[in-house]
Amino acid sequence: MRPAGTISDATTARRRSNGGGRWLSRAAFTLVELLVTMVIIAILAALTLAGLAGVRQGAKADKTRNTIRKIDAVIRPMYDSYRNRRVSQAMAGASSRNYEQMLRDKRRLVIYEMPDQWSDVPSDLSTVPAVCRTAAVRSYVSTRGTPSQLFSSAECLYMVLERSGFDADALEFFRPDEIGDVDQDGKKEFLDGWGRPIAFIRWAPGFVSDPSSVTLNPRRYSPIQVADPVNAHDPLDPTGRDPAAYALVPLIYSAGPDGALGSPTDDVTGYGLQLGPTGGWLANAVTLLPNLCTGPAATVGTPLPGNESLDNITNHDLLKK
2 MRPAGTISDA TTARRRSNGG GRWLSRAAFT LVELLVTMVI IAILAALTLA
52 GLAGVRQGAK ADKTRNTIRK IDAVIRPMYD SYRNRRVSQA MAGASSRNYE
102 QMLRDKRRLV IYEMPDQWSD VPSDLSTVPA VCRTAAVRSY VSTRGTPSQL
152 FSSAECLYMV LERSGFDADA LEFFRPDEIG DVDQDGKKEF LDGWGRPIAF
202 IRWAPGFVSD PSSVTLNPRR YSPIQVADPV NAHDPLDPTG RDPAAYALVP
252 LIYSAGPDGA LGSPTDDVTG YGLQLGPTGG WLANAVTLLP NLCTGPAATV
302 GTPLPGNESL DNITNHDLLK K
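Under the working numbering, the first residue of the sequence shown carries the number 2, and numbering increases by one thereafter.
Below are the DSSO-like pairs computed for lysine-lysine, each with C-alpha atoms no more than 27 Å apart in a straight line:
1. K107 x K71
2. K71 x K189
3. K64 x K189
4. K321 x K61
5. K188 x K61
In short, the hints are calculated from the structure, not lab data.
Start from the sequences and build out the full structure, keeping to the hints where you can.
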């Protein structure tokens with residue numbers, strides 16, 4: 002008989018009275034069983050953490066969409082308003098040439114009042130054509146300063162909402178965490194859910210629907226912008242002076258989740274889209290232009306090679322019906 006008070010081996014059944022004259026036996030946990038249990042707990046913990054990370058990313062994406070919706074609610078109506086804007090008077094006996102001049106003046110006004118890079122904002126008002134010296138343009142010029150070019154489009158986007166006068170109360174709908182100055186140059190930007198500036202391209206003719214590729218990379222193409230000058234002609238050109246022009250929708254976009262992996266001050270590529278040339282340009286030629294990315298000439302707004310733009314969040318996606 003084993004002396005009282007001694008402990009049996011782990012593999013030996015323990016015997017205890019249940020108070021009713023019967024005896025129960027229960028096997029102890031072995032070391033292998035404990036290890037298996039710990040592994041299962043670790044796997045469940047990892048799955049839980051992965052799920053929480055996914056939830057956080059989803060929340061940031063939803064926040065970004067909400068911010069872009071609010072920006073688009075100002076930018077798109079402002080752009081549409083140019084359909085009825087008169088920026089120059091046609092001479093007596095209106096001719097084709099006069100209509101072409103009116104179209105050029107209207108497009109030039111859009112550039113000055115809705116700049117998407119600092120090169121579109123002159124430092125001297127005297128260089129601005131007389132038909133474009135509106136209150137908004139004067140405000141832009143007077144406060145331009147010498148900002149960094151790093152987030153030029155994002156800063157111009159904020160300036161348009163702040164100073165264009167189209168919607169005086171526009172900024173009241175944005176929370177403090179939706180606005181910042183990432184590059185600390187004194188010019189603010191709207192921020193996405195990952196704290197990166199939300200970018201802006203006034204005209205992105207390369208960002209069009211492409212049914213042949215939409216099944217492969219659906220986020221690389223615009224779901225609403227069609228390169229069809231016949232059935233979707235440029236509404237700024239009601240008389241058809243520019244037969245190759247098709248309707249464009251200002252592009253507001255975030256880099257999406259992958260943009261949060263590095264420092265936001267490291268990226269000047271346009272987050273996966275071609276940008277307009279740094280010297281500014283007019284709207285009578287929007288294809289085969291040099292771009293900010295030092296790559297070959299391409300249509301402005303064309304997705305860059307690679308996967309950078311696959312998870313972008315754009316107002317075009319939000320406007321899809």
